[in-house]
Structures are given as structure tokens and as C-alpha cells.
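J.: Residues per chain, in single letters:
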Amino acid sequence: MAQRILMKGNEAIAEAAIRAGCRHYFGYPITPQTEIAAYMAKKMPKIGGCFLQAESEIASINMVYGAAAAGMRVMTSSSSPGISLKAEGLSYIAGSDVPALVVNVQRGGPGLGGIQPSQSDYFQATKGGGHGDYRMIVLAPASVQEMASLTIKGFNLADKYRMTSMILADGTIGQMMEPISFEDAEIETYEKPWALTGTNGARKHNIVNSLYLKPEALEVTNFERYERYKVIEENEPMWEEYMMEDADICVVAFGIASRVAKNAIVAARQEGIKVGLIRPITLWPFPKEALSKAADKVKGFISVELSMGQMIEDVRLATACKKPVGLCNRCGGMIPSPDEVLESIRNAEKGVF
Amino acid sequence: MDHKRLTLFAGHYGSGKTNIAVNYALQLANEGKKVCIADLDIVNPYFRTADSAQALKAAGVALIAPQFANSNVDLPALPAEAYRLVEDLSSFGVMDIGGDDRGAYALGRYVPFIKKENNYRMIFVANCYRPLTQTPEDALEVMREIEAACKLPFTDIVNNSHLGPLTDVQTVLDSRDYVEKLSKLSGLPVYMTTVRADLASRTAEHIPNVFPLLLQEKYFDLPDQKR
Numbered sequence: 001m002a003q004r005i006l007m008k009g010n011e012a013i014a015e016a017a018i019r020a021g022c023r024h025y026f027g028y029p030i031t032p033q034t035e036i037a038a039y040m041a042k043k044m045p046k047i048g049g050c051f052l053q054a055e056s057e058i059a060s061i062n063m064v065y066g067a068a069a070a071g072m073r074v075m076t077s078s079s080s081p082g083i084s085l086k087a088e089g090l091s092y093i094a095g096s097d098v099p100a101l102v103v104n105v106q107r108g109g110p111g112l113g114g115i116q117p118s119q120s121d122y123f124q125a126t127k128g129g130g131h132g133d134y135r136m137i138v139l140a141p142a143s144v145q146e147m148a149s150l151t152i153k154g155f156n157l158a159d160k161y162r163m164t165s166m167i168l169a170d171g172t173i174g175q176m177m178e179p180i181s182f183e184d185a186e187i188e189t190y191e192k193p194w195a196l197t198g199t200n201g202a203r204k205h206n207i208v209n210s211l212y213l214k215p216e217a218l219e220v221t222n223f224e225r226y227e228r229y230k231v232i233e234e235n236e237p238m239w240e241e242y243m244m245e246d247a248d249i250c251v252v253a254f255g256i257a258s259r260v261a262k263n264a265i266v267a268a269r270q271e272g273i274k275v276g277l278i279r280p281i282t283l284w285p286f287p288k289e290a291l292s293k294a295a296d297k298v299k300g301f302i303s304v305e306l307s308m309g310q311m312i313e314d315v316r317l318a319t320a321c322k323k324p325v326g327l328c329n330r331c332g333g334m335i336p337s338p339d340e341v342l343e344s345i346r347n348a349e350k351g352v353f
Numbered sequence: 354m355d356h357k358r359l360t361l362f363a364g365h366y367g368s369g370k371t372n373i374a375v376n377y378a379l380q381l382a383n384e385g386k387k388v389c390i391a392d393l394d395i396v397n398p399y400f401r402t403a404d405s406a407q408a409l410k411a412a413g414v415a416l417i418a419p420q421f422a423n424s425n426v427d428l429p430a431l432p433a434e435a436y437r438l439v440e441d442l443s444s445f446g447v448m449d450i451g452g453d454d455r456g457a458y459a460l461g462r463y464v465p466f467i468k469k470e471n472n473y474r475m476i477f478v479a480n481c482y483r484p485l486t487q488t489p490e491d492a493l494e495v496m497r498e499i500e501a502a503c504k505l506p507f508t509d510i511v512n513n514s515h516l517g518p519l520t521d522v523q524t525v526l527d528s529r530d531y532v533e534k535l536s537k538l539s540g541l542p543v544y545m546t547t548v549r550a551d552l553a554s555r556t557a558e559h560i561p562n563v564f565p566l567l568l569q570e571k572y573f574d575l576p577d578q579k580r
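Just so you know, the protein sequences line up as chains G and P, in that order.
So in my numbering, spot 244 of the first sequence is number 244, and the numbers just go up one at a time.
So my numbering is basically just the index in the second sequence, starting at one, shifted up by 353.
Hints are computed from structural coordinates only; laboratory data are not their basis.
A few of these clues could be false.
[Said to hold, decoys possible] Just so you have them, the derived chain G footprint on chain P, three or more residues with Cβ under 8 Å:
#	region
1	403–413
2	430–437
3	484–494
4	515–521
[Stated by the list, open to error] Restricting the straight-line Cα-Cα distance to at most 25 Å, the calculated cross-link-like pairs of lysine to any residue (SDA-like) are:
#	chain 1	residue 1	chain 2	residue 2
5	P	K571	G	E271
6	G	K42	P	F400
7	G	K274	G	V352
8	G	K160	G	K230
9	G	K43	P	D491
10	P	K357	P	R401
11	P	K386	P	R437
12	G	K274	P	Y572
13	P	K571	G	R4
14	G	K46	G	S181
15	G	K46	P	E500
16	G	K230	G	F123
Here the structure is a predicted model, which is why all the values come from computation and not from measurement.
Just so you know, even glycine gets a beta-carbon here, dropped at the ideal spot from N, CA and C.
Excised from the complex, chain P in its bound form:
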């Protein structure tokens, strides 16, 4: 894969940014790169990058997370250490940004550094099955709101269209028109299509640049949802 020094994942609330960011960081590590991932989500109280701390540590990925992530303190504060992602140019960086424009405000302070270095990919994560971005036009609106909030334009789109445990290959194939139209409207290329790992090879028969995702099992997954 063609990686930039810094990869940023932003998008609509609940579009799948955290899962993709974690998997992408693990992929970089697999390729033998020095990697650091930062959780810049100031919106979400639960289900965060820090949930994958063990897997990231095992792969040698450095994790920078807000001090209060997953605690009882609902404090949207970012650690000073997060500057490492834009200052330490010897390491690949992955940024997991909070949802919508509200989440993207947190990115603003790093943008002057990012633009100066100019070796980044700013990715819009799209899921056509999310209710408020069901049309390419709605997704474009969210895209523009995020750009206005963080002052950094998107460079790529990732198609992460899925329906959780009900996702099959067809679910992903049905999203092609949507993503093509979003790509046309925004003028941005589709960098990759992310799918659950067990569906990846069959999806890749139809779609280029499929990126497999390993998902965490959660304590509340129902017995019939286990894979």
C-alpha cells in the first residue's frame, strides 16, 4: 500500500473511524514501520481506541489517548503528547478524529504542522447505511462541515459501508454507486474499501483495494452474532 507519513480518519459520527484507524495502524506495524496512533476523539464517551490497547501494544504501536478515556470523567481534553504525531517525523502517524464537525474542531490545532510537512492523507470515512449520511449529498455536507471546522481539506474517501453483524458481500457491493457518486461530487479518490476480514477475499473479487478489518468481540455480542 502507498502510505503517507500521517493518516487521518475523520467522518460522520459512528462511521467506523476508530476500528479503521486501529486496523490501519496495525497494518503499518505489520509492514515493519514505526507507528504511533492518537485518539483525538473528544465526542465519544465509550468504545474508543484505548479499547484496543493490548493489540496495539503487542504489535509495537505507540498509543496516545486522552488521560480520561474510558474513565468516569467526561472531559474533552487532549494530551500534550499528541503533538508527537506532527513533530516526530521519524514515525508513521495515525489520527482517530471524533465524529462530525464537533469532533473535528480538535484537529485544528495540529493543522498548521500537518500542512507544513505536507505528507498526509486526510480520509473521509463513509457508510451509506448510517441514517444521516444515506445519500452522497448528505455525506458531502458532513464532509464540508468537517473541513470548515478543522481547516484541513479531505484528500481521500474510505468506503466503510456495512450493517454490523448483518453485513455480507452484497451489503458492500450495494454501496458502490453511493461511493462513486460521493467521489464524483467531491472530486476525491476512493482510497480503499474496508470490510470485515472474513468477507474480504470474496469482496475483493468485485472491488479493488479491499482492506480487511479485524473487529473486537464485545461482551454484549449475542450468541447468534458470534463469528
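Chain G with its partners taken away, still in its complex shape:
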């Protein structure tokens, strides 16, 4: 067997999940993520796993909820409109403190939108989507290799903190092909004493539930959950810095936008413009510290996004508006070209953000 294999981003997620020990996949097809389900359909029966195409997204997320409560490594995947349908389940899973992996290979919206790539579910992923006080760990891969490694990381973090990890990808990374390796995969396993595995009459029974009859108890549960979130915000932010050592201008971009931005940065450097990139890999927890430090050095930021400008709000918050933050964006399934990003860098050099 070859050490490296050539995979589509969506296939890499599915294969990584299987390697991470996921044996339960519940989903419903939607472009541009259908290869995840197709890969699972082909492989799960061969390894004693469960692939189930549910009757809807709502059914599939509740199957995830059930399998997660039973202590299984479980996942679902969808694309933007399908994630909206799963939102209720995401909130219930958060309220029940069970771990799950949810993949969103984003497409243009709102509404039925279209099938071309997008990053316009940033708010939905990082600020809620479902109701109530809760967070999800949101991981934003920028290569097929990261589709694999962050899927494994996502399962690890979900089990560690008993919550949902979301892979927030986009159609392009889902569909593009790159060579990848699984050699460095670090698969962690965690005891799940809270899981519904049957007591055998030997222990007190466990309850997995998001309903609290007394408001005092619900408040305390939320307080405890937010203590856990605080630990995550301290320990788990991930980001990449690219040509930031001497940068006067900082581009902020995640996922596919960061790849376009890198090409623009290389072109701008050839024109003598000192520009670098901070690429958030975790969108929640957002790498606030890296941006805050950069704000003391650079004269401004450019947020490059495939949306009307969503992450830009977190960039402004993280930098406490110390420096101007401009936006270079396309939306609705369109992608900023390297030339468009280069133009916004040239403008930033002139002080126009």
C-alpha cells in the first residue's frame, strides 16, 4: 500500500474518521459533500461499521445524538442548508454534553442558495446556529491533508471536552484533490463513564438529557459548561502565521481564502510590500492572542472571506479596534481572485482599508 494516497477533501474526512475509530455515520446527501456519505457507504459495511442514510437531516443529527450518548465515536456531514436543519440537534447535543463530529462543507446561501463554495456559515458555526448558551469547537481546514488531520483532532477534542467539534470546510476543499498521508495521525481515546452502556446492575444508571426542571440547576450546568469553554479558549486555539515576521499589513483568512491570500501575498512581496497572513485554524476558539499581538506591530488588517464579512467582526474584537480592518470578499459561491486580494493589499499599503 502506498504511503501517500491521492484524495478528495471529502474522502479524506471520511477515511480519517474511520481511522479515528468512528464506526457510526448518519447523514443525508447534499452537494458538495456527498462524497463523504458515498465513501462511508462503501467502507463501513466492510469494517463492521454502520452507514445509515436517514430520511432527513433532522433524523440524522438525532441518530448522532443517540449514538454519542451511548459513547460511540459518531459523525454526520452536510452542507449549509442541511446544517440549518441539524441546528436543533446541535443544541440538544450541547445541552446534554455528549461528543460528536459534525462536518459542514459550505455552499452559497442564504436559503437554498447554490452549490458553489462559500464561507458564509461562519456566524452559524461560531456564534450558535442552535438556541441557548453553547459553543462548538470549529476547525477550518485549508488543505486535503488538514481535512484528514483536523477530523482526527476534532474527534479527540470532542471526546476530551464532551462537546461537538465542527469541521467548517467549503465546497472547493471538499472537491479538490491532493496527496495525503495518515502517518502522523494521533488518535486519542477517552474513558466515557457517563455513557449509556447498560448498568448490568453494577452501577447507578446514567442519564443523558438536556431538560432541567429547576432553573437553578440549569444555570449551574451552564456555568460549569462555560468554565470548560474557558479552558478550551486558553489551551486550544490553533493558527498559522505566514510571512508575518516583518509584516506591516496582516491578511486574515481561513480555509480556501487563505490559499488565495498566500498567492496574493507572494505577489505583493515581489512589489516590495511587507504583508503577511494569520490563518485561524480554530475559528472557535478564535486565535485572539495572535491577532492582538499582531495589532501592536502592523498598520492594519484585511479580512479575506467568501461571505459578506463575518469573521471580520472577530478580527475587530480580538484587536480591540486598535488598527483598521478592511474586507476583501466575494460571496454567493464566488471566490476572490489573487488579483482582487493583491489590489486590497496595495490599497492597504496606501493606508486605504
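Mind docking chain P on chain G? Use the hints.
T.: What follows is chain P alone, placed relative to chain G:
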């Protein structure tokens, strides 16, 4: 090269059919032939034959693509015009067929015409670095599934084993045993080995019938991947 009137590229999902079909059509045009290429892919939403529309037009290759290719409409519909490939016998035809058996169903409706004319090459595109066809046995299974779906048996194999930007000559040479075994298992000849154009001459020192591929640069290629 020895060309049939009609050349069909089918195979596993992501094996490289579209790139090869486009390059093959351009090669036919270079040889002075009248050529028409049809995108019959009803599976893939992105990265399609229509992405090469400019290069095909410049070379005088007629392109038939689904009306909704590269749009926001996810509709697996084929244009009526695609019949031109099997009806207009004065033109060379290249068909780019969607991946796996699911993609090959779309070919079925043209098969009676193809068999009647009987001047075709039905090519299985193989890449040993794709995860679900890493063994010749797995590739053979996909081959049989496609044949069952479209009711047209393969006649040839193209070895397109590569690792994207990490491909070097050795990557291609390492695939020889795999393809030889697939050829033996299926009883089909290896029509050609396709490699990125910059590796073609060095690969040709070791392997016969090397066909160079010009690949499109994409907006998401990383700076260190540019050639």
C-alpha cells in the same frame, strides 16, 4: 498515435478522466482532425471539462457540456446535442464520462450507436494512488461495475497513476507492476501512460507510449506548488 473515431474515458471517481479527455481532444486537434468533446459527467459538481472551454475553443475543438455545468443548478441532465458524438461520423469524438458506475449510467443511452458503428476505444483510467482502487483487484471490481452500468465493455487501460503536485518520475515508475497486473487480470492492453508534461520525456526513457498532460493552474494552488 492510432486513434479510433470515438474515444471514451471512464473509470473510478477522481482518476483523472477529465484532464485526460481534454488533453486527448487537443492532441487530436493538433493532428489536424475535426474533434468534438462531450462532458457526460452527471456526478461531479466542480472541476469540469467546461473549465477548459477557452483552450478547447482556441484549438478548434467543439465542446458539448451540460447546460448547467459550473452553475448553481445541481441537475444531472445531458444536452440533446451530445448525440452528435455518435451520429456525426465525420468528426472524431471524445467522451468524458462521470466516475464509477453511477457516472457510467449516463453513457448507456449512446451505447447502441457506439456498438453499431464499432469504431471506438473504451478506456479505463487507472490511478493506483486513489484509496479505493489501490489494488488491481479493487480496480477490476470498479471496471466491472462500470461495464455493468453502461453495458459497454472496456477495450483499453490508461495508466494515470500520480500524486498531484508531489508526482515525480519514480511515482509513475512505481505504478508499473500495478498496471501490468490490472492488464493481465482484465485482458486489456495499456494504451498509454499519462504524465504531467514536464515529466514526460524522462518517464518515456522507461515506459512506452507516454502521453504528456498539460494541467490547468488553479486559483487555490499554493505558491510552493506552482511549476
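J.: Report the numbers of all earlier hints that the structure fails to satisfy, in ascending order.
T.: 1, 2
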